[in-house]
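Student: As a plain string of letters, each chain reads:
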Amino acid sequence: MASGKRYTTSEQIEEMRREISRAKQKSGRRNTLNNLPGKDIKRDNKKNRRLTKVIGWVAFSITVAVLLGTLASVNVTKSKGEIPAILGFQLFMVESGSMEPTLPVGTVILSRQPRDKHNLKAKDIVTFRSSAGSVVTHRIIEVLTDDKGSVSYRTKGDNPISSPDLELLSPENIIAVFIMKIPLT
Amino acid sequence: MKRSKKKQRQLKLSAVETVLQMEGLSSKEYFHLEDTDQGPQRVLMDINLTVKRSESWGIYGRSAFDIKLLLEIIANIKPYHGGRCVLVELGMMRSKRVILEHVFYIGGSTMLYNNMNVLEYLMFATAKQKFDSVYRQESIFEFLINVGLGHISLTPIRMLTKEEKAVITLLAAAYSNSIITVFNVPEYQFNETLSLAIGKISKLITKKKNALILGTKNPFLIENACSHTAYITDGELIYKGLVKDLRLDYDMILFIIKDKNAADMLQSLADRLPGHELSIDGDRLLISDRGGAKSDPLQLYETIIEAGFAPQCIKVNPKTVQNAYEEIGRLHDLQKQLPQQGAPAGVH
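From first to last, the protein sequence lines are chains A and B. The first sequence maps to residues 1 to 185 in this note's numbering. The second sequence maps to residues 186 to 533 in this note's numbering.
No lab work stands behind these hints: they were computed from the structure. There may be inaccurate statements among the hints.
Said to hold, decoys possible - Here are the simulated lysine to aspartate or glutamate pairs, EDC-like style, with alpha carbons at most 20 Å apart: (1) K425(B) with D518(B); (2) K24(A) with E327(B); (3) K47(A) with D317(B); (4) K46(A) with D317(B).
Please read these numbers as outputs of a predicted model, since none were measured by experiment.
With the rest of the complex left out, here is chain A (with noise of 0.2 Å):
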């Protein structure tokens, strides 16, 4: 072997064997690599393409058939007058001021189906449908609690002008949780 200070030594490329042999034994995989391009390789990644490939159909089918079903049970639930729902979430747009600053007209929120309807905190926001039968979205402000043990809820919009809601809402009539505003809507 050539000596000189360009040349590699013996001794970089004993070194460079012990890095490559400490690395082998972390990575513990089998040696499969004779010949580069080696023909048991090729098989391995062959292998490892079709894999791959089958399990991206797989994920695209089931994707597509979520959607589809998504699409359906949305439709079915809105001709029955009821609000879809996907996995427990729902969407509501905001259509009047009684909750600004807080949801200006036009925002659009994420809310989802209360697990506990009777266990609810003051500050929470909740949709519900109210006796008139529209659906308003506001502030519970105080959780109150008969003789009886029966829960029910003041609720008032968030904007100085509103005032507290004349009836109080029984757990029954709420449909969703407030969980965030959709940006930019």
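Given chain A, put chain B in place with the hints provided.
Tutor: Same frame as chain A, but now just chain B:
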């Protein structure tokens, strides 16, 4: 759809046996010969060459310019004037110049990244091959050592000579999927270590059923790295065929005698060895076959002793490409000198 077309094309290419077909090709470039009455002469004239898969061709010549031009035309870098050139069954347009995807062209030593060392560069060049990187690294590293390039395996590329850089580029070509590798650096001087390394890389290329075409002025390189060879001079291919056949058919030197009295020996042995031609090369006396001479070393030794000489060393010539090409060149020059007197048969 696009992918399937690509696959179909790859399948089609893998079935192609003839990777290069040149018929009657002539170059656009001219030589202006000032000392003759002849007008300008094309650098390349009537070139016919067929290269198949798994072949490694060494294009040899006296002028690096001729070799370089021919290989540039082969790689579709330079336009040509006439004839036909088909590369992997694709006719090359005379004016449109583009290096095709299945051709790896090496025309210099500037293709490498100076901020990497040799092993890093080769890892980078093979990164698209999705093998386990640790084993890929080990394979490349051990291959570098096996071909005799261990001494530059971890050397930064900026510290390599241009010849070493060219060999590393050739190794990158060997690891690629290119059907043809064109190694066009006839002006480079490869030492013995690098020539042997090129030989081993050439074997790797042909093992993968790809073809290598290299241009060189170094017969030793052809001997080491090529299965086939062609000799270009005065714009023509005056020999093309197997390296093995070339050495056997054209290296006429039978024995090499090394002695300080070689010149005296020549005078004395000329009459005693009919059918042989004797010539002096430094302190060596070369005995060549000129018409059915017997190549019996014992008989030769006895003749020399009878003549009163005791040579330091007598060697049976191992038949080299260099001697063969010198002989072909000599015959070609003779042919040129005797144009009107029924020149001897060509050496094709």
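Student: Next, verify each hint and record whether it holds.
Tutor: Evaluated hints:
Between K425(B) and D518(B), the direct Cα distance comes to roughly 17 Å. Compliance with the 20 Å bound is thereby established for this hinted pair. Taking the CA atoms of K24(A) and E327(B), the gap is near 15 Å; set against the 20 Å cutoff, the hint holds. About 15 Å separates the Cα atoms of K47(A) and D317(B), which keeps this hinted pair within 20 Å; it holds. The hinted pair formed by K46(A) and D317(B) meets the criterion: a straight-line CA distance of about 14 Å does not exceed 20 Å.
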